[in-house]
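In the order they appear, the protein sequences are chains A and B. 1 is the number of the first residue of the first sequence in the numbering used here; add one for each residue after it. 1 is the number of the first residue of the second sequence in the numbering used here; add one for each residue after it.
No wet-lab data here; the hints were simulated from the structure. Misleading hints may appear alongside valid ones.
[Said to hold, decoys possible] List time: in silico EDC-like cross-link candidates among lysine to aspartate or glutamate, alpha-carbon distance up to 16 Å:
hint : chain 1 : residue 1 : chain 2 : residue 2
1    : A       : K193      : B       : D2
2    : B       : K193      : A       : E518
3    : B       : K196      : A       : D2
4    : B       : K27       : B       : D40
5    : B       : K3        : A       : E118
6    : A       : K196      : B       : D181
7    : A       : K3        : B       : D181
8    : B       : K196      : A       : E195
[Stated by the list, open to error] One-sided excerpt, in silico: chain A residues whose CB lies under 7 Å from chain B:
hint : residue
9    : M1
10   : Q14
11   : K34
12   : R194
13   : E195
14   : A216
15   : R261
16   : N262
17   : R265
18   : M320
19   : V322
20   : G324
Just so you know, even glycine gets a beta-carbon here, dropped at the ideal spot from N, CA and C.
Number of protein chains: 2
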Amino acid sequence: MDKDRARQLIDAAQNRDICDSVIRNAKVVDVCNKEIFTADVYIKDGYFVGFDGNRRAKTEIDAKGRYMLPGFIDAHCHIESSHLSPSEFSDAVVPCGTTTVIADPHEICNVTGLDGMEYMLKASENIPLSVFLMFPSCVPATAFEHSGAILNAPEIEKFIDNPRVLGLGEMMNYPGVASADSTVMDKMQCAWKREKNIDGHAPSITGPALDSYAAAGITTDHECETPAELHDKIRKGMYVMLREGTACRNVLQLLPGVNERNCNRILFCTDDRQPQSIVQDGHVNYGVSLAIQHGLDPISAITAATLNAATCYHLADRGMIVPGKRADFFLSSSIDNGIKAEEVFILGAKQAENGKILHKAMHTKPENVSGKMDVKDFSAAKLSFRPQSDHVKVIEIIPGGVVTGSGEAWIKRDENGEWIHDDGQDVLKLAVIERHHGTGNASTALISGYGMKHGAVATSIAHDSHNIIVVGDNDSDMVKAVEKLIAIGGGITMFKDGEELGTHVLEIAGLMTDLSLEEVTECLSKMHDIADKRLHVSKEIDPFMTLCFMALPVIPALKLTDCGLFDVNAFAFTDSEIK
Amino acid sequence: MDKDRARQLIDAAQNRDICDSVIRNAKVVDVCNKEIFTADVYIKDGYFVGFDGNRRAKTEIDAKGRYMLPGFIDAHCHIESSHLSPSEFSDAVVPCGTTTVIADPHEICNVTGLDGMEYMLKASENIPLSVFLMFPSCVPATAFEHSGAILNAPEIEKFIDNPRVLGLGEMMNYPGVASADSTVMDKMQCAWKREKNIDGHAPSITGPALDSYAAAGITTDHECETPAELHDKIRKGMYVMLREGTACRNVLQLLPGVNERNCNRILFCTDDRQPQSIVQDGHVNYGVSLAIQHGLDPISAITAATLNAATCYHLADRGMIVPGKRADFFLSSSIDNGIKAEEVFILGAKQAENGKILHKAMHTKPENVSGKMDVKDFSAAKLSFRPQSDHVKVIEIIPGGVVTGSGEAWIKRDENGEWIHDDGQDVLKLAVIERHHGTGNASTALISGYGMKHGAVATSIAHDSHNIIVVGDNDSDMVKAVEKLIAIGGGITMFKDGEELGTHVLEIAGLMTDLSLEEVTECLSKMHDIADKRLHVSKEIDPFMTLCFMALPVIPALKLTDCGLFDVNAFAFTDSEIK
């Protein structure tokens with residue numbers, strides 16, 4: 001609040017001045033009393049003035065008895081997962097009723113470091129969606145791979161005072177916290193000394209093991225998988241997020257743990273939500289609707305997606321429809337049976353109607369985040385996989401998640417000991433090629449469960465360091481796919497018999513594009529079709545998203561980084577050969 | 001949180017270091033899940049480490065199955081009403097389970113201005129009780145009286161950045177807010193620009209009239225008198241306080257409006273609680289117990305007195321028993337049937353047991369706040385009451401509150417027109433003598449319902465400007481009483497036939513004393529006895545507290561300030577004569 005705005009609101013409230021607009025006949029969702037009441041809601045200068053009272057207004061909007069909800073707040077997301085730049089992301093999620101996101105630019109910062117932070121702040125500055133950032137706490141995610149940057153306390157200090165940076169992003173390094181590792185402590189100190197939040201990420205950590213993590217002032221968690229885990233994290237003072245992303249979906253798992261007693265410690269988030277999921281099902285509204293359809297009290301669910309998030313992140317200017325707060329809201333005919341954002345308003349101005357954005361968000365040209373492809377001496381030789389034995393470990397894709405198995409296979413090798421693809425076996429070669437510092441690093445391993453018969457698929461999205469990852473049955477297509485990504489500055493591409501079957505260009509850090517949600521989903525839809533029809537990738541998995549997680553050395557059991565095959569359970573590199 | 005403490009807590013949580021203490025076998029009140037669970041609770045360096053886990057601890061305390069509650073937070077109080085200095089106040093309320101108060105030093109600042117603010121901060125700095133202050137927003141309370149200071153935005157700016165100053169105190173000037181008065185706006189701007197709270201005080205303001213007040217970002221109210229008013233204020237985004245003071249008690253009035261849906265927007269406060277009430281019934285624990293005994297869910301009531309207040313005032317380090325928060329807590333055998341703080345711990349150290357403080361709080365010598373008695377040319381002549389007619393207005397005391405009636409009387413006058421006391425009539429003379437700036441101001445009027453037969457009672461506690469107020473049947477005793485207060489620097493005194501019957505010295509600004517709660521209550525008890533037995537003050541009223549409110553020109557209907565008789569309903573001075 002500032003004096004000029006306060007004066008405008010007070011004058012309008014006291015009927016000394018005319019309001020900008022009034023929403024008549026609205027069923028207002030009151031997240032404080034947790035009830036519905038019917039009112040005319042007055043707005044001035046983008047903020048709520050008050051209810052009823054026969055005030056004057058320049059514009060009248062008839063809500064026709066529809067529900068009026070505070071705009072939804074996504075408590076934790078990675079914009080990069082949408083493949084969209086912040087302006088296009090705004091255009092994609094605002095029509096779903098999301099008006100504020102708390103985003104962790106973990107992916108782009110892993111590639112481009114502080115340039116990524118700078119870009120995300122700048123590109124999200126003057127768009128309808130309110131974008132707040134958490135400074136990524138784990139760049140790189142582990143010491144077992146090469147990311148594009150190393151961000152520690154000195155780097156955090158440069159951004160943490162920005163009022164749009166709300167604290168430190170998901171602290172994935174549980175061992176670092178529990179051991180009071182000094183680098184980790186220095187990072188957290190940046191948030192502590194400013195009383196800013198630290199987001200958590202502590203899958204399966206409960207009981208006494210959780211105490212050190214909670215004692216470190218880590219205030220949220222979005223990785224709960226059971227009601228008991230949710231309950232314990234709330235007991236330790238944390239807010240627990242019900243996450244409904246694309247690969248990870250926990251709303252229904254966690255719902256049995258949520259009740260009228262603890263629901264004000266619950267938030268909603270999307271974490272990683274792919275463009276197709278946004279188009280098909282929506283955004284935060286999807287998770288909220290799902291929870292309601294499965295028994296959560298509608299107003300408690302709405303409160304979790306609004307007031308609770310505003311409270312948790314100290315966003316004092318939003319989260320409820322009350323005088324003096326931002327007029328971010330939407331109208332929906334139903335709250336019991338699917339929340340649909342029929343008309344979405346931000347700062348009192350209508351931004352979307354019936355799922356369509358009305359005015360495209362202002363676009364900011366990406367600077368210092370494009371074409372990040374510093375790959376040294378790449379050639380087929382880098383793809384060599386020559387184990388000492390025919391009996392080897394394979395990364396075993398498990399459909400429906402990002403966890404892999406540690407499988408085995410008996411393989412064919414040529415006279416030089418080089419792996420040869422066996423048509424009768426669902427085993428392919430996987431390679432990770434370092435792309436940030438021209439180290440020349442590349443590593444190879446075998447993978448099962450991908451299903452592809454012949455060809456290669458490569459992507460520069462490979463959590464969390466986002467090196468190039470490529471899968472294939474033959475080196476020739478794999479080389480072409482990798483070379484294509486280097487040439488275009490990143491993306492997803494498919495080759496077969498030397499032919500480029502399809503390419504999705506991600507020119508912003510190899511992670512995102514300036515295309516719109518519609519263009520991205522259309523392209524991806526074609527790509528999926530090709531992966532299915534021409535490459536015969538297993539129908540049980542997403543051909544691209546699955547690949548993205550095969551280099552993530554914090555998710556069990558077997559993963560491949562640019563430095564080699566990694567046994568996550570042993571938290572150490574391992575050999576392919578089974579001796 | 002800071003790095004050193006975090007490291008200690010983490011090391012203790014991970015069992016690398018020994019904890020300072022463990023509270024074994026406690027029924028912990030979990031205000032997040034709103035449930036009770038049994039645990040061993042570990043503490044290190046004054047903060048909670050965690051639950052169970054067979055850790056080591058230097059000291060073991062057996063809770064023997066008692067309830068373990070977070071220390072209570074008084075969301076709004078005036079320490080001055082206890083007559084105690086901050087250190088003695090700490091000793092008085094900590095044994096009741098209050099470990100944090102948010103105090104508005106409105107009274108002392110009305111007398112001593114910024115010196116009062118300085119003193120309250122300093123005197124509350126190193127005591128067990130956590131004292132946070134709200135900078136008083138209304139000094140003076142009105143323009144119709146002389147207070148000791150005028151505090152506006154420039155004065156607020158000097159203190160508002162102090163981390164123990166949480167914002168602007170109760171904004172009693174509703175008309176000033178509603179009219180966007182520039183002095184009021186400048187004061188509020190001090191809080192707005194730092195995102196600090198502004199406390200409210202808006203009795204009976206609801207509906208559209210409340211909108212401008214809520215739009216100004218005023219976040220709390222402790223003046224609700226009906227469930228409907230409570231409900232409306234919560235709807236406008238405000239936290240509503242259930243107040244249980246001495247003169248004003250709203251818990252039972254408001255309770256029907258509190259339910260499981262809105263209870264996280266409820267706080268508890270004591271506002272003005274007299275020393276006798278603290279001794280007899282307790283402090284915040286009394287209001288909480290009362291609410292529980294009359295049907296509020298015990299854990300919801302406890303949550304209101306702990307987590308809700310911490311949330312509302314952004315006190316991130318307290319309000320719940322979870323790892324990383326201050327180990328401020330107490331043990332109670334019961335929560336359903338009266339909460340009694342049997343053992344009280346602050347920062348993990350036991351401070352009180354069975355209602356007794358264990359170590360007296362460090363006392364700070366009052367500086368620049370003593371003997372504030374600048375009275376010019378006082379003599380019997382100042383007490384002259386010579387109306388133009390025998391038919392006059394009288395201030396009519398109404399037992400049980402601070403509202404007065406506007407009564408009438410036919411009086412006796414001497415040959416000079418001077419009022420003469422009529423033994424057959426319960427009408428006395430009331431005078432207010434300015435004591436801050438030596439203006440020589442004094443005003444007189446008549447008052448009914450006090451009951452005293454013969455003598456005079458005077459006090460330097462006279463809300464909100466705290467000039468000297470004196471009541472009596474004869475000028476001689478009245479003069480002696482006033483002279484006594486001037487001589488001792490303030491307090492309460494009684495005279496009869498020239499004899500000093502009793503005096504309660506309030507040497508700190510004429511409002512507070514360095515005596516202990518026990519000494520104060522003993523003195524007051526004797527004084528009450530004398531007022532009853534020797535002065536025959538009406539048994540329906542408190543002889544001293546009633547007097548304190550007779551100069552408060554914001555409470556209807558008729559009051560007397562140092563500037564004259566004030567008609568609160570007309571908000572203007574008035575004559576005594578009825579024409």
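**Report entry** Ascending list of hint numbers which this structure does not respect
**Finding:** 2, 5, 6 and 12
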